[in-house]
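Asker: In order, the protein sequence lines correspond to chains R and P. Residue 566 in this note's numbering is what sits at position 400 of the first sequence, and the numbering runs on without skipping anything. Residue 491 in this note's numbering is what sits at position 490 of the second sequence, and the numbering runs on without skipping anything.
No lab work stands behind these hints, which were simulated from the structure alone. Keep in mind that this is a model prediction, so the values were computed, not measured. Virtual Cβ for every residue (Gly too), placed ideally from N, Cα, C. Accuracy of the hints is not assured; some may be wrong.
[What the hints assert, rightly or not] Here are the simulated lysine-lysine pairs, DSSO-like style, with alpha carbons at most 30 Å apart: (1) R:K609 <-> R:K833; (2) P:K326 <-> R:K810; (3) R:K406 <-> P:K535; (4) P:K326 <-> R:K664; (5) R:K406 <-> P:K326.
[Claimed, not checked] Covered stretches of chain R (chain P as the covering partner; in silico rule of three or more C-beta atoms under 8 Å from a C-beta of chain P): (6) 375–388; (7) 411–418; (8) 809–815.
[Unchecked claim] Just the calculated beta-carbon pair ranges, DEER-fashion: (9) P:D139 <-> R:Y250: 47 to 53 Å; (10) P:K133 <-> R:K382: 33 to 39 Å; (11) P:E108 <-> R:N863: 38 to 44 Å; (12) R:D397 <-> P:L557: 37 to 43 Å; (13) R:M659 <-> P:K467: 54 to 60 Å; (14) R:N273 <-> P:E108: 52 to 58 Å; (15) R:G551 <-> P:E607: 34 to 40 Å; (16) R:T289 <-> P:G65: 53 to 59 Å.
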Amino acid sequence: MAHKRIGKILSALLASAVFATALPQITLPFGSSDISAAYAATEIDGHSFVAESSGYRLYMREDDLSIVVEDKNTGAYMESAISYDDGKNNASWLGAMKSAIVITMINGNDDTQQADLINDDVTINTTKSDKGFYSEIYWNKYKFGLTLNVEIDENGVKAFIPDESIHEDGDSYYIGTIALYPYMGNSYLDDKSGYILVPDGNGALIYLDDKEGRFKSGFSGFIYGTDIGFDESDVTTLLKDRYNTISDSEKVIAPVFGIAHTDDGIAYLAVVEDGEARASIECIPNGVSVDYNRAYAKFTLRKTYTQPTSNNSTAGSLHIFEAERSHSNLGVRYIFLSNEQADYSGMANAYREYLITNGYLNQADDSYNTRIDFLGTERESWVLGTTPVVMTTVDDIYEIYDDLKTAEVTDILSVYKGWQKGGLYDLPISSYSVESKIGGKAKLTELISDCAESGIDFYLYNNALLINPDEKNATFNVVKKINKRKYEQKTYMDVYEKLLFLIPTRSDTLLDRFIKSYTAKGVNNLALAGITNNVFSYNYSGSNYTRYNTQSSYAATVSKVADSTKLIMEQPFAYLWSDTQAFLDMPLYTSAYIFEDESVPFLSMVLKGSIPVYAEYVNFEANKQEFFLKMVESGSFPSFYITKESSAELIYTNSSDIYSSEYSSYKDTIVEYSEKLKELGTQTEGAQIVKHEILENGITKVTYSNGIKVYVNYSLQDETADGITVGSMSYEVGR
Amino acid sequence: MKNGIKKIIGYAILPLMLAGSIFAGSTASAFADAPYKTYTVDGYGSVTETQTAYLPYKTITKIGEETLLTPTDFTLVNDEYIYILDSGNARVVVSDMDNELVMTFGEGILVAPKGIYVTKDRTTYVADRDAKAIFVFDKDGNLINTYTKPTEAMYGEAQDFLPLKIVANKSGTMYIVCESNTNGIVQISPVEGGTFLGYFGTNATSANLWTIIWRAVLTDAQRAKMQSNIPATPDNMAIDDKGVIYTITRGENNDTLKRLNIAGVNMIETTDFPDIPAAVAAGNHDNVFVATQTGFIYEYNNDGDLLFMFGGSDDGKQRIGLSTKVEAIQIGLDDKIYVLDSEKAQIQVFEPTEFTAYLHNALYFFSKGRYEESKEPLGKVLEMNNLFTYANMAMGKALYKEGDYEGALKYARIAKDGDGYSDAFWEIRNVWLKKNLTWIAIVIVLIVICWNVIRVLHKKKHILDKPKEALAKIGEVKLMKQIGYMFYFMRHPIDGCYGIKREGRVSVLSANIILVVSIVFYVINKYFCGFLSKTVRDGSFDLLSDVGMILIALLLVVSCNYLMCTINDGEGRFKDIYCSLIYSFAPYVILTPVVFILSHIVSNNEIFFVQFGNLCMWVWIAVLIFISVQEINNYRIGETIKIILLTVFTILIVALLAFIIYVLWSQVFDFLQSIIGEVVYRIGS
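The shape of chain P in the complex, shown without the other chains (with noise of 0.2 Å):
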């Protein structure tokens, strides 16, 4: 019941949201298109532009007659308020929602506030960095509280105290981000004045294996002068309903937003982080808003995973909803997003569109497990778009939990889901094998019965003579038999070598052939393997490169170790070592078709199978070679170690000659041109 009436409401919301589009109240708003692209990510991270998410509301730039000087925060309450840190006057201005002014207070208590929080019952937290302290105001706006520097020896001595935002949770612990304290947030709680609870939220710092090793190598002198690895403070954070806290902080890649629990542990990860964060917000559907000071707006599920992005910094055309510098964003009721500017000093409101509304009506349902609900929001989606990452990905899973694998397939390819691709598929292979068991026991019954009977017969007529010629004769090409040496050298690498340096068992022609087929394999592997195999983009092709490294490679390696070998006193003669590294690769032509097959049919659970025998198969490759290298020039284990390191360092060498030299020649080249251009442009002129 509960959940019909939720529903009934969302869809009553969303005509509603469309008509508020256009009367704005009394302030600027002309009803248009968005000026600004929105983007989405596809299956593989790949930027996409989508239908447009949000679309410009309206902008206030006054409440009532006053003009704003500089804000750098607000807090929106219960969508009846306003309440604008007004940094450049040093005061708060309260509005309603239709940009009348309710009160101003704070003046002449506040000196450079930079943060602002209110509270549902409307209790004002000012964080003011000039004045080291925070500030409390009732819901009339009188000074009821001030918090200093905590006195407690574990918030250390020497650190300043300078607040710059806070947030407060429903027992009044508040949580501030302080300049320049890396220590992390700054926890206070209310009772006796102000008792420091500790820090928060501490980001980590980083240390790559590098800079490890680098750091066990300098001196202390020399360690003191590298860029000093403290973490790095938060820039802003958020509060939601439950009291969970978000962070974002620049430079912290992954890390860069952040959803802590009680314990201050983060919660989820996002790869589509922006680079220059100012401000979160937590959104009505477990969503999370991150505004970037240039202007951006994401906007990402409780996965971390980014649903949109638009927006944009003004290029001076003024445009409706772009930005010039954002400070702050907040979320109303209605999921209409307003963004704080404090160089135009104004604030953006910006308004769902159907579409985000039926996507938000999706998140809620799926968030709460309720796939069969969520696949008609979700079926409106993907008809408005067809390509929606999230929507497929949900809608795939939706599908999977009625049972509908081949449905649940189709939009977790899509969505490159593979996780959700794999279980689909293992269902079908399931119901697959269940349906075809008897079958495919009859074919293998019948198979064997068929060989033995093949086997009585030929014992008793030798019916099978006439093949078994035919077979041997074909054995007996030499080219045939220079190809199928292949099978014997990789089982006996060291007599298979004297075969081919002293017997003369394969020709450059049959290894030309070997090779081919490789590269044939390669490609066929490479695009259409299975796929929870595949290593690249659905739909990319790209064979000139993929031919063209594998042969520059093969020229770099066999011409490199003929050179060293030859000055290290090697026997081998070129032909012998371009046969013999060739020949090496016969594990890769023999096992790589099974390898192709089986990533047809194993989902993720057994996957292990194919990467197993891929490792095994280079394992095999990598001996072999070894051993044909050892051989062929007739070297100990010793040398044939320094002889590879040897061609590696060569390879090396050469590909920086390469480089160097197409660098001279782009230089001379441009040079030419330049001269070209210029005699050109004179002559013409």
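Extracted from the complex, chain R is given alone in its bound form (with noise of 0.2 Å):
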């Protein structure tokens, strides 16, 4: 500890030298920035001058191409390199930590050497201008090469590499992966106080203390979900040598990551601009491997896979990469934050008007709803084939909606999942027919219309992903892996075994489909799961391909479908944002890694107040205060999934997981819920969440852009916070 500490000491009087002429600039006021300039350090840490905007200054070392971003107001800045080394570190440790590219390589089987910019042969060309640089950069051993832009603006700086700089000309070495920038706002231990923000479930923080080398590994998360299309090489020890009781982790739902050095006053928040579909995120804190604490984004452009060569799996199999690498420009841009805004509230304020600005995200209706999904009908075994299970109708949802009206619960929001013919699992749907249990398609559409009248929104609920090879045709049209092998999504459950994925050209058509002959009828509420959650990489008729693909084909089918529907989504990613009229099925928690400190409602306070969010089912969850005070804190509106009869009726169908769903169980909770998150949601309506933060006394502060301040209290004493004292297990709303 004690030669780190000198060492820091040296390399802050080194850079103090450096600074006198510059420290003057940072008491100056605003405005004054072209005469900053002219006090700006010339170098720091080894790093020069190389480009302004009106509010940062960015340095770049020649050889490693790693840059410094200088807050001009504050003087604070952040570095892509590690600028103290502990000497503990090999030289390709040291390579990684320098290097603004760090690649691994495909060498036949091999898929683990690391090519950077410190250790190998290479040549850069770096071009200056008054935005930034770019560099040619080509590593003469593996024989490839891509060109490296980095511009700042007035909120920060972009990394980006364009897809056609990137060349492969060797037959030996192909890249597999580029990591942009990996030490990008790094520090040493505890030597910063801050966190990274990690963009698991609705987010979660690493802080920047000292881990003690407890931790074996950081966060790694697919941004998009994992890929299917790869065969998972996951080793779990299964319960009973069968059941994998490890739930799968929250999908990174937005490309974003970040850091805050909260005593510098410093953060950014990162955006995986370009290529964040193939891309990963990593925030690793200190102890694993290495003692810095680091987030970046990892792109992938190759990957390697099994190809067995027969059914049975014992038999022969080929362990062979990708022959095409998949193509995208790759980007990130570094927004950055200072003084009060440089904490997870500052990201998240940054992120939404990142999002508006750009049209990511529009202003949707977002007053209070209580989300009702109702379950038609299921199916379950019978003597030949199956039988329908019917579980709510139409009569039984006018007759819910009565009983709650006398129950003063009217702002309603539905999706009517199972309505189709055949029931829930009989996909795709690709017309308006109604399953006659539950009335038939007049009564239906007339539920429909006579909801709006009443200010209710009913949507019906199409899964445009999935297709159930028991009931319709699955021979063509099916999404197959990589390896050229059917994907299945097994159930688990008696009647249906499994379900496959449609190509997103057939979903795009089926959905067209639906949707002509829906609109014919008059009505046009839907809400779509399944391609809006799901990204892949996929083989069909012999041709590859890549998420980018999947991607872009699903943004192209949702921007139509939102042209002629009112349309919400299931946990839409953020590439579909723009599109949909309400976020449903918005996780409240995070996968519970061991490294994560503090979970925080990033992505709630992102939505806030431009779409409703509505949170997960109440009915499954265990801890249902804590989950209520959950859904107050971040400002989601709640959701129960009900059906009329018993939830025991499903025991032999594929929704046998639903375990409790009777109305009759939950009209008090739903009266309940509605009555007090009405009244909150009412106060806040089209207001923003601009500040989060947990207080000494662990009381959690949630302020709106209209003053309305949320103190929520998860302790078991009363604690006061602002002259306000909350319950225990409560909260209370101030202004």
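Assemble the dimeric complex from its two separately framed chains, guided by the hints.
Answerer: In structure tokens:
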């Protein structure tokens, strides 16, 4: 520890010597940036000045292209390379810690070799401009190269690699992954106070304290979920050799991460702008291999996979890599924040502003609604084939609405699942044909129009991704993995054992057909699922399609659908947000990694005030009160999955995991939650969450742009904040 | 009054427990969803998912500033202190509930300690394997006693003393699990510096019929080479407040978990046992917890019924609540679960969710027989999970006690609780009979009167002539006659066979019709018989394989029998053999509807009638088959037996042949596919 401190002091002395001339500008008032430029330091930690914008200065080191971004107003800066070497790291780690670009190469069966700008024979041609610089980089031994662009603007810096600049000329080394500025905003052990923002679930923080080497790995999450086109190679211990007890981790819904150095009053929010569909976000605390905290985006260009050559898994197989790399520009935008904005609230604000400015998020009606979803019919096995299990008919829904009306619950949004002919899993839905057991087409259409009149938002549910091979012909138009084997989603249920994925163009065609026959009846409310939260690589009729293809297909499909319907989506990924009127199934928790120190409602903070956010179903929560407070904290609206009949009826169906849904057991909860959350929802309607903080005594304080403050107390005893006493496991609203 | 208070306390604890999840003091804790799923079993014993039962609450990695090195055991004392056996450092670390260090002791005394037990008055027992001794410390950490290998002859001169785990009861009697001591748990009394009381809770060795036969056949030398059949040593144990000892032993199947009374007799049996149990602990509601080395935690009620399974192995992704190598488990007074992971050197604490709190509440009342009070928490549990088997079963029983038999029936059916269902059904039927007995009597009397009136009228005016004629006409139709021959055949098989063989009294068509009817009856009886007689899961249907199996079996039997008969001077033609076999199933066609109806109106008390009816039917069928084989081929009894055995043998040979052909073909198929697969890949790239 001691030698580290000495090193730190020395470097600080050095820096201050260099800085001597720059110091006065820190105290200068705003708007004098042109003057302060004259005082700019010419060098920080070996990085020389390149360019500046109204708010920031960019410094760069020629040999490893590492950068330093300095806040002109405060003088605080963040570096993309380590400035202090603790002497414990080998050459290859040091290479990774300093290089702007770190590549893992594929060479035969080996996909672990590293190429960087320090340890390898590299030719770098850098051209500087008043906006930044661009460098043509070529690895002479491995015979591949690319161009890195770094530009500065008033909000921060963007690092960018154009797709056409990436070229591989050799035939033994290929690019596997590219990590861009992997140590941007790094810090050593607990040298800086602050945290890394992790896009896990709704959002999580990893504090920059000394982790004492407790963790073996950090967060690594593929943006928009893992790729079903490739087989997972995880080894898990199964319960009774059969059941995987570990639940899937939450998907990375938005391509963001961030680092805040709260003591320096500087932070950045990184948005993976280009190539995000095939990139992962890595947030790694100190103690994992090396003692530095870091966060970065890693783009995948090629992946190895196992190509079986027979149906018998133990027989032959080849371990190969994708012949063609995926094509997309790669880019990360670092939005810098200072002073009181340099925290996760600031990051959420910045991201919201970024989304709105660029048209990625539109204003929708965000008035309060209780979401009450219904399950129409399911199917169970019978002597020959299957027989319907009717759970909630159209008449039942009328009845439930009437009943709720007498209890003064009128602000309702409903999604009707399993309305289609053949029940919930008769997929895909290609026309508006309604199960007669729930009342038939005329009745359902009437219900939808009646709802519209009485102010209830009633949507029909359509999973446009899945196809049920037991009900529909699934020989063609289904997704095969990159190894040309059909992808099957196992249900572990009795009636339908597996479901397949439709290829994006087929989803588009069928959805189009459905919408035509649906809107012809004068109704157009649609709740879309499946294609809203899945992106994958696949093989179809001999060609490979990348996640970029899937993403752009889905984006086109969804924007077309949004034009002709009133569209809400189930857990949509960030690239679809501009087309949805509501966000369904927002996770309120994280995946519970041990290295995460705090969970924060980051996504809710971004979306609140723009589109209404509905939480996951209350039904399946074991701790109802805690979940309720989580909804209060994040400004989410409650969701219930309701059936008229007892869910015991579902025991022999594929929905046997719905173990609790009967209306009569949920009515009281619906009424209670609606009353409380509506009051809150009305007060915060149209307002954004501008600040979220956890106070000393543990109270969570959420501040809205209209001045409303919500205090949530999760603790065992009453606590007081800002003069307001909040009861244990309770909340209060103040101004 | 006391009940009331208990109830109030129970409910008052609930919100506290929820709230507890948020602040966990100084240790790492983030409240979050559990990264693991929770499972329970349904009425058929299949594993199904349920709500999260326990959430990760906190992780204790440090006691004050002390870190642990491969801790192997710990004891929770009154929810005030945690005594951790820090084996890697050969010491005992005492922590308070806020993970502040209270003291350490045992340094310099302990060598390779493996087990620890601390009494309520904080007397510490440490089992030290390499020191071959039990060390006893007082509450200030002073060594007060050492027990070494018992000197009693009964212990065994050659038997080493390598203590691994220890518990002690209120009178200070120690129960010790020793390494490689297969005699059972060593029981030592503290009197006279340690008196060996004997072995306790010895596991039984198992010998199935096959091993017994095998051993009888083998020579002594061969027998010596066989895997020795010695009882397994328990892996770990626990003691509850009443002094009842729980043991776990891996590989003992249904006896993996045992609850031993004072005489060492096992009082529970569980069908859902873990494979690699590492530790066991008694809960506060007559429940038992077992942790596996791989990190799964099982909770059982006092009958050994599985309530929950959750947790899991850390697959390297490092999510909260997953373990690497579990060594010990303890239950706090507030139902929190403490799990010691020796590889991670940490104690993971789990807290029960609202759902589990309700369930525990219900368990408590239910096990005390206070069904009325158990209904409220059970209702809450069922509201949250309609399908939770234990709650459904308990609710059924509670309603039964109350006299709500319809309700009891419904819940017992969901829980697949046969006994409960039967009891409720008996009561319902009883009530129905009482209510309708008069009517039934009246109807019977009316029928008798009608019958007599008709008979008298018929005598006088022959009113029944026309219907009788019509019936006779139908009977005269050839096919009807052939089918009707079934009734004659089953009563007079020898003559019946003659009729089939010589007189052409039946046809293939009539046999086919009987076959189809039998299959239909079989299917109806299999899937729609009364719940108590049902042999398949509710809601599962597999018609194709049912029919397929029957047809394949029939084809095999008939053709193999025919083949054997032709080379053994049998007289039967293929058609005769086929027809006589089908006609031998006549009792099935006639009795199955009766059995089917009976299955809907009997409870477990009378199910004997159904079973007996079934038995009679099958014996009858067997006799018919035997006689028809004999008569159709004109064999003597000895020949018939020989032919039947030969037929069975031929069937086995055919089955084997089919299997070999299948395997060979699938190999060829795989090979071709491999070639095509590789060619396609090579061309494709």
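Asker: Does K609 (chain R) pair with K833 (chain R) here, judged by a C-alpha cut-off of 30 Å?
Answerer: Holds: K609 (chain R) and K833 (chain R) sit about 24 Å apart, inside 30 Å.
Asker: Range first: 38 to 44 Å. Now tell me if the beta carbons of E108 (chain P) and N863 (chain R) are that far apart.
Answerer: At 40 Å between Cβs, range holds.
Asker: Closer than 8 Å, Cβ to Cβ, for at least three residues: run that test on the stretch 411–418 of chain R against chain P and report holds or violated.
Answerer: With 4 residues closer than 8 Å to chain P, the stretch 411–418 of chain R meets the three-residue bar; holds.
Asker: Is it true that K133 (chain P) and K382 (chain R) lie within 33 to 39 Å of each other by Cβ?
Answerer: Holds - the Cβ-Cβ distance for K133 (chain P) and K382 (chain R), about 37 Å, lies within 33 to 39 Å.
Asker: For a C-alpha distance cap of 30 Å, please report whether K406 (chain R) and K326 (chain P) respect it.
Answerer: Within the cut-off at roughly 17 Å; holds.
Asker: Would the hint linking K326 (chain P) and K810 (chain R) be met if the CA-CA limit is 30 Å?
Answerer: violated (46 Å)
Asker: For the pair supplied as a hint, K406 (chain R) and K535 (chain P), confirm whether the alpha-carbon distance does not exceed 30 Å.
Answerer: The hint holds at about 27 Å.
Asker: Per the hint of 47 to 53 Å, is the separation of the Cβ atoms of D139 (chain P) and Y250 (chain R) within bounds?
Answerer: Once the Cβ atoms are compared, 52 Å apart, the range 47 to 53 Å for Y250 (chain R) and D139 (chain P) holds.
Asker: Between M659 (chain R) and K467 (chain P), does the C-beta distance stay in 54 to 60 Å?
Answerer: holds (58 Å)
Asker: Do the Cβ positions of N273 (chain R) and E108 (chain P) conform to the proposed distance bound of 52 to 58 Å?
Answerer: At roughly 54 Å between Cβ atoms, E108 (chain P) and N273 (chain R) fall inside 52 to 58 Å, so the hint holds.
Asker: The hint says 37 to 43 Å between D397 (chain R) and L557 (chain P); measuring C-beta to C-beta, is that right?
Answerer: Given range 37 to 43 Å: holds, Cβ gap about 41 Å.
Asker: Taking the Cβ atom of T289 (chain R) and the Cβ atom of G65 (chain P), is their distance within the range 53 to 59 Å?
Answerer: For G65 (chain P) against T289 (chain R), whose Cβ atoms are near 56 Å apart, the range 53 to 59 Å holds.
Of the hints listed earlier, those the structure fails to meet are numbers 2, 4, in rising order.
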